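Novice: Each chain, written out:
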Amino acid sequence: MLAYALRRIAATIPVMLIVAFMVFGLLYLAPGDPAAVIAGDQATPAQVQAIRVSLGLDKPFLTRFGTWLWQILHGNLGKSIFTGLPVTTMIAQRLEPTLSLMVFSTLIAIVVAIPLGVLAAARQGSWIDRAVMALAVFGFSTPVFVVGYLLAWAFGLKLGWLPVQGFHPISDGFWRFLRGLILPSVALGLIYIALIARITRATMLEVLSQDYIRTARAKGVGMGRILFVHALKNAAVPIVTVIGSGVALLIGGAVVTESVFAIPGLGRLTTDAILQRDYPVIQGVVLLFSFTYVMVNLIVDLLYTLFDPRIRY
Amino acid sequence: MSATILPDVLPPVVRRGAVWGFLRRHPTAALGAAILVVMVAIAVFAPFLGTVNPIAIDPIHRLEDPSARHWFGTDMLGRDVYSRTLYGARISLGVGFAVALCAAAAGTLVGVSAGFVRLLDGILMRVMDGLMSIPPILLAIALMALTRASVGNVILAISVSEFPRVSRLVRGIVLSLREQPFVEAAIAAGTRTPALIRRHILPNLMAALLVQATFTCASAMITEAILSFIGAGTPPIIPSWGNIMAEGRALWEIKPYIVFFPAVFLSVTVLAVNLLGDGMRDALDPRLAKRL
Numbered sequence: 001m002l003a004y005a006l007r008r009i010a011a012t013i014p015v016m017l018i019v020a021f022m023v024f025g026l027l028y029l030a031p032g033d034p035a036a037v038i039a040g041d042q043a044t045p046a047q048v049q050a051i052r053v054s055l056g057l058d059k060p061f062l063t064r065f066g067t068w069l070w071q072i073l074h075g076n077l078g079k080s081i082f083t084g085l086p087v088t089t090m091i092a093q094r095l096e097p098t099l100s101l102m103v104f105s106t107l108i109a110i111v112v113a114i115p116l117g118v119l120a121a122a123r124q125g126s127w128i129d130r131a132v133m134a135l136a137v138f139g140f141s142t143p144v145f146v147v148g149y150l151l152a153w154a155f156g157l158k159l160g161w162l163p164v165q166g167f168h169p170i171s172d173g174f175w176r177f178l179r180g181l182i183l184p185s186v187a188l189g190l191i192y193i194a195l196i197a198r199i200t201r202a203t204m205l206e207v208l209s210q211d212y213i214r215t216a217r218a219k220g221v222g223m224g225r226i227l228f229v230h231a232l233k234n235a236a237v238p239i240v241t242v243i244g245s246g247v248a249l250l251i252g253g254a255v256v257t258e259s260v261f262a263i264p265g266l267g268r269l270t271t272d273a274i275l276q277r278d279y280p281v282i283q284g285v286v287l288l289f290s291f292t293y294v295m296v297n298l299i300v301d302l303l304y305t306l307f308d309p310r311i312r313y
Numbered sequence: 001m002s003a004t005i006l007p008d009v010l011p012p013v014v015r016r017g018a019v020w021g022f023l024r025r026h027p028t029a030a031l032g033a034a035i036l037v038v039m040v041a042i043a044v045f046a047p048f049l050g051t052v053n054p055i056a057i058d059p060i061h062r063l064e065d066p067s068a069r070h071w072f073g074t075d076m077l078g079r080d081v082y083s084r085t086l087y088g089a090r091i092s093l094g095v096g097f098a099v100a101l102c103a104a105a106a107g108t109l110v111g112v113s114a115g116f117v118r119l120l121d122g123i124l125m126r127v128m129d130g131l132m133s134i135p136p137i138l139l140a141i142a143l144m145a146l147t148r149a150s151v152g153n154v155i156l157a158i159s160v161s162e163f164p165r166v167s168r169l170v171r172g173i174v175l176s177l178r179e180q181p182f183v184e185a186a187i188a189a190g191t192r193t194p195a196l197i198r199r200h201i202l203p204n205l206m207a208a209l210l211v212q213a214t215f216t217c218a219s220a221m222i223t224e225a226i227l228s229f230i231g232a233g234t235p236p237i238i239p240s241w242g243n244i245m246a247e248g249r250a251l252w253e254i255k256p257y258i259v260f261f262p263a264v265f266l267s268v269t270v271l272a273v274n275l276l277g278d279g280m281r282d283a284l285d286p287r288l289a290k291r292l
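Protein sequences, first through last, are from chains V and A.
The letter at position 313 of the first sequence is residue 313 when you use the numbering used here, and the numbering goes up by one with no holes.
The letter at position 31 of the second sequence is residue 31 when you use the numbering used here, and the numbering goes up by one with no holes.
With the rest of the complex left out, here is chain V:
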């Protein structure tokens, strides 16, 4: 187990290196000369050249990549071209809304989707099954901002139950924090619900057709216990895998959801950085999100052995 964990952790290193290389290539290929931007309009070519040398921009590509990587490993993501603030500071300021949004969406998705998927599998072919499958197809087909506007229009504008826009940090009080998060999290979570419900149903159908389920029924175990204890436990591995890989959807969706609901998080930071072509910020955010994604999937892989002790590596 420990050897497996170590090997699996080691395997993420080349992947992260490739990601870092590509993200660095992004900055390298970006149009515009950062030295000229920093020097300003009044600078002479000699001054621009001096800045270029001081930033190490005159060095060859691989040397620059090495220096850059070294800085990253020391937690230095560079400075924003526009605000002049360190990118790490800007990310730290925007972390709370995005993190809350993603965690809350994941919770909603898991709590809603797994019971739905189990129920659909238990009553295969019934109206519940069809409704869940229809929900899944709609979830895949409706872009997150469309769901967002629909929810904001219905529950925010027409019914007036929940705020349409904005974010309150948890320090403003838990209730206000929660109220602001409900609509964006549901909007963001819908595609995740579709994904998890679908895989739960498919895996459960497979598990429910196995002999030990029939045995359990024959000896009189209750249906609820069969579904949620005997069967779900054995369906856990594919479900957890999809929850892990679905984080990519969640990250992409967060960028848009934050735009729709005017939430000042990392997604908004990304959008603003794109419009201003603030490459160090774009680079930092892409790196952070990719790192998160790789880490989530690493944890999922490590969890396999916990859910299914038969898995030995």
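Quick caveat, the hints were computed from the structure, so don't treat them as lab data.
FRET-style restraints, in silico, Cβ to Cβ:
| # | chain 1 | residue 1 | chain 2 | residue 2 | range |
| --- | --- | --- | --- | --- | --- |
| 1 | V | L2 | A | R24 | 54 to 60 Å |
| 2 | A | L177 | V | I170 | 50 to 56 Å |
| 3 | V | P14 | A | V268 | 40 to 46 Å |
| 4 | V | L85 | A | R126 | 32 to 38 Å |
| 5 | A | L101 | V | D211 | 42 to 48 Å |
Here the structure is a predicted model, which is why all the values come from computation and not from measurement.
The C-beta atom is built at its ideal place from N, Cα and C for all residues, glycine as well.
Dock chain A against the given chain V, drawing on the hints supplied.
Specialist: Relative to chain V, chain A alone:
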């Protein structure tokens, strides 16, 4: 020599009515196909469907509610939302189909290369792993930040973020095909690799590619809309569904119809493509393609 000499290439088995039979057995896929045909017709015949110039500005008739004259109302510059939405179908469908094609082509190239050239396999697949570690929408956004906004660049950026998944799928199928007796027989019979790929590998990839391309098309249409919506996609001058929604965004609380109509068109089109894809996957092989 009494044995019949088989021709070098056997004519493909023609299954008459295969498409029709498929649509009859899968009514939801048929519905999807029907909607898709209507959408393509709308895109192609947009100029003849009672539209006006979609970028003509008419400041006197700004922000009019839907009426007999402007079926979907007008936006903040007085442009006709109905015309813009219909012309927008061209961008969404065009980007969707183009990305599906590019991603399938690039994915096949990389997947087959990795499956046949041992030396390339490790390198190519590690690079694909790296590309897949960046969430697709984020990768497309980052690529768009590098380039000028144009429809071609949107197609390129989304294709780059979509094709690694296709290459993974193709590589897997190629590796399992290589173990098949008919491929071994072909190799034993002296078939050279290019002919082997053309005659035995590619035809057997088609079913999986078709299903995967359908899902790629659906997700590309959503990604295009997202890119345009946050201002990193199709240039604002070109009416695409994402752009129309981006423009209607500031006013959606008082004039929701500007966002509403393109949103409905987009969702219905993506739904149609997904229904078609689900039907094809069920018909061809339930385990073929994955969405993620």
